[in-house]
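A.B. asks: Chain by chain, the residues:
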Amino acid sequence: MTLRFLTEHEHDVVRQLADRLLPPHDEFPGAGAAGAADYVDRILGAFTTDPPTIWAGGPYSGRQGGEPGFDEYLPLSRLEELAWRTRIEGSRGLPEREWNGPVRGWQEVYREGIAALGDTPALEVDVDAHPELQQLLFEHACEASYGAPEYGGNRDLAGWRMIGYAGDVQPRGWSDAEVTGA
Amino acid sequence: MPDFDVVIVGSGPGGATAADVLTGAGRSVCVLEKGRNHLLALEAPFDGLGHLSNDEVKFGRRHFLGPDPLLEPRSYRRSPADGERTTVGDVNNMPSTVGGAGFHADGKLPRYREVDFRLRSELGPVEGAEVADWPVDYAEMEPFYDEAERSIGVAGDHAGNPFAAWRSGPYPMPPGADMFLTTLTVPASERLGYHPYRAPTGANSVEYDGRPACNNCGFCAFYGCPIEAKGDPVAMLRRALGRGSCEIRPESVAVEIVLDASGKRAQGVRYLDPEGAEQVVTARAVVVAGGAFETPRFLLRSGVGNSSDLVGRHLMFHLQTIALGFFPFRLHAYKGRDVTHLMDDPIVGDAATEAAARAAGLPYLRGGIVEHGGSGHPIMEAMHLPAGAQHSALMADSPMRDKMVAFTMQGEDLPQATNRVDLDPGVRDVWGFPAGRITYSPHAHDVACAHHWGPRLEQVMTEAGAHGTSWVTSPGTPGSRAPDLEPMSKHWMGTTRMGADPASSVCDPWQRLWDVDNVVIADSSVFPTSTGYGPTLTLVALAIRASRALAGSL
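Each protein sequence line maps, in turn, to chains A and B.
This note's numbering puts the first residue of the first sequence at -1, with every later residue one more than the last.
This note's numbering puts the first residue of the second sequence at 167, with every later residue one more than the last.
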């Protein structure tokens, strides 16, 4: 797999840290093994493709019938692109991104956060000592593990299978009996 | 010659209704919507765009329906004693998109009761609050409620709620499927003397108005409906577009109302188009339907309608009391509608409520509907569990999703002039306009009511079989489990209240600004009181009434 933003080393670190935040359990291999690093790389490098990989299309994934549409990403408006570039890349001193002051981007949080870990192996890092990286990675690991796999995570639907969750169910839906019955 | 008969600012339930009613009366309208269009094609046959989906990442985490808090931050403080603000970002945000807040809701659409329109006359004043009667009563509203229910398509049981106001006919559709957890909570409620009933819901239980029956996918609240089983707002907008006299302009940001030389008549609206270029659309009248946050912000920015100094004041949210029940087995609340039963008992009250009011030194306590529901989707649960060794095991067990019941009481929020939306002096949006600032603290009535009902709702959970219970309020209140929690009710009301006296209201009884009478407010900002019910059906009914009057005046 060609990485969009992370280096191979950073990808490895993200994968191992994600497994510590959301560890293996039963059939779930851990967030890292379920694709959290790929998820993070895909959002950090969202603007390497057009449309950017921000919003999956619709209305159906094809997993429960219908034509698959999640693989086709939706284009952003001019201002939506501004918001997402600012969120991901940071404001970088650009006046058009700093109407309320500087914004630290997710790319900086990962790159600088991983660099700050130094040579300590990811499995031995005191994650609590790096709260900014820990918080952002935790959020992304949750999204990766329990969101639609089209965003790069939830490999083999491992997250949904562990929790007994069908995920997106359109256009099949649930029958009235499935809703009301035990 | 104006460009249109009416320009409408906002395309949510109020604006969409105005567009539907006005075009139905032969008027031409232009709808300005600052958000994107993900709802329907703007050319015939106005099909859905296929953007809506069962996707928690897109809708729950990536601001798909807007507003993006980076582009449009809001600020919040409890009172001026907090300083300029305590928070900047997402403050009780509602969708900003074609269709507006109609998207976010799971579509519970109860009517108000007779007393709700006459609270001051029936129950008297409350110290520290500006409780007022509405300038319209239930008897006048009933036909508009009936029309609103048919316009949206409401499924319900007209005989189910013993406390409901009278109605001229049944709901257009029967109720949909009951969620499993209500097979536990409804009998438990009844054993404790309460009166749960099937929630009137704006999701089709059968094919209706050319749209299919809901197939119970479970992605209602905070999601748009991929199959259009939710009628609000697509039904009204499609009807308006189909008449050929409605133009919707997405990504068009209303800057200000353009007045004539007298300053007493609106001539149109100045706005920014998708490229940021300034444009003016002229019209014989203006309908403002941005919701109770954006509407006062727009009026304040325009310098219009505020001779009373009441624009933005009397902000109300509903003080939510959320009682949680933790069960030893799975409840699969992710299947079907998010809420299928309500109960009005905290609104009606009982001897215990009256005693609690007396103990608190208040003339009465009025709570709100109690919604019997479950919790959210798995990313939301994952975010609320502690990271680390137990996270995945807890996700598998799912104590905060698949095994949890949530009762949400939408407690009546008494109007206070100090609760308000104004323009933040130090925070701006991406267009350079001052951000809206929310200053809000609940009244002692609201707090006392929440603290009375929280434990009582826990008792229902225990009776239903919960092995653990808890309760919290939104916003936080002293003594609750999360006292600093910010408002998150998604119900906004009261910032341009209507009334019979221009000294104590912003709008007249037909929702026209007292100061500029060809500007009509068509959203829940006109509400004088919040009641204990969700606001959408009532704001739609009022928008029908006001728009029909406006159409007749043009």
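Honestly, the hints are just simulated from the structure, not real lab data.
Heads up, some of the hints might be wrong.
Derived contacts from chain A toward chain B, CB cut-off under 7 Å, selection only [stated by the list, open to error]:
#1 14
#2 71
#3 145
#4 163
Note that the coordinates shown come from a computational prediction; the quantities given were computed from them, not determined experimentally.
Each residue gets a CB set at the ideal place from its N, CA and C atoms; glycine is no exception.
A.B. asks: Now tell me, hint by hint, if it's right for this structure.
C.D. replies: Verification of the hints:
1. 14: Check failed: Cβ of residue 14(A) comes no nearer than 14 Å to chain B, outside 7 Å.
2. 71: violated (10 Å)
3. 145: Since chain B brings a Cβ to about 4 Å from residue 145(A), closer than 7 Å, the hint holds.
4. 163: With a closest approach of 6 Å, the residue 163(A) hint holds.
Taken one by one, the earlier hints fail for this structure at numbers 1 and 2, listed in ascending order.
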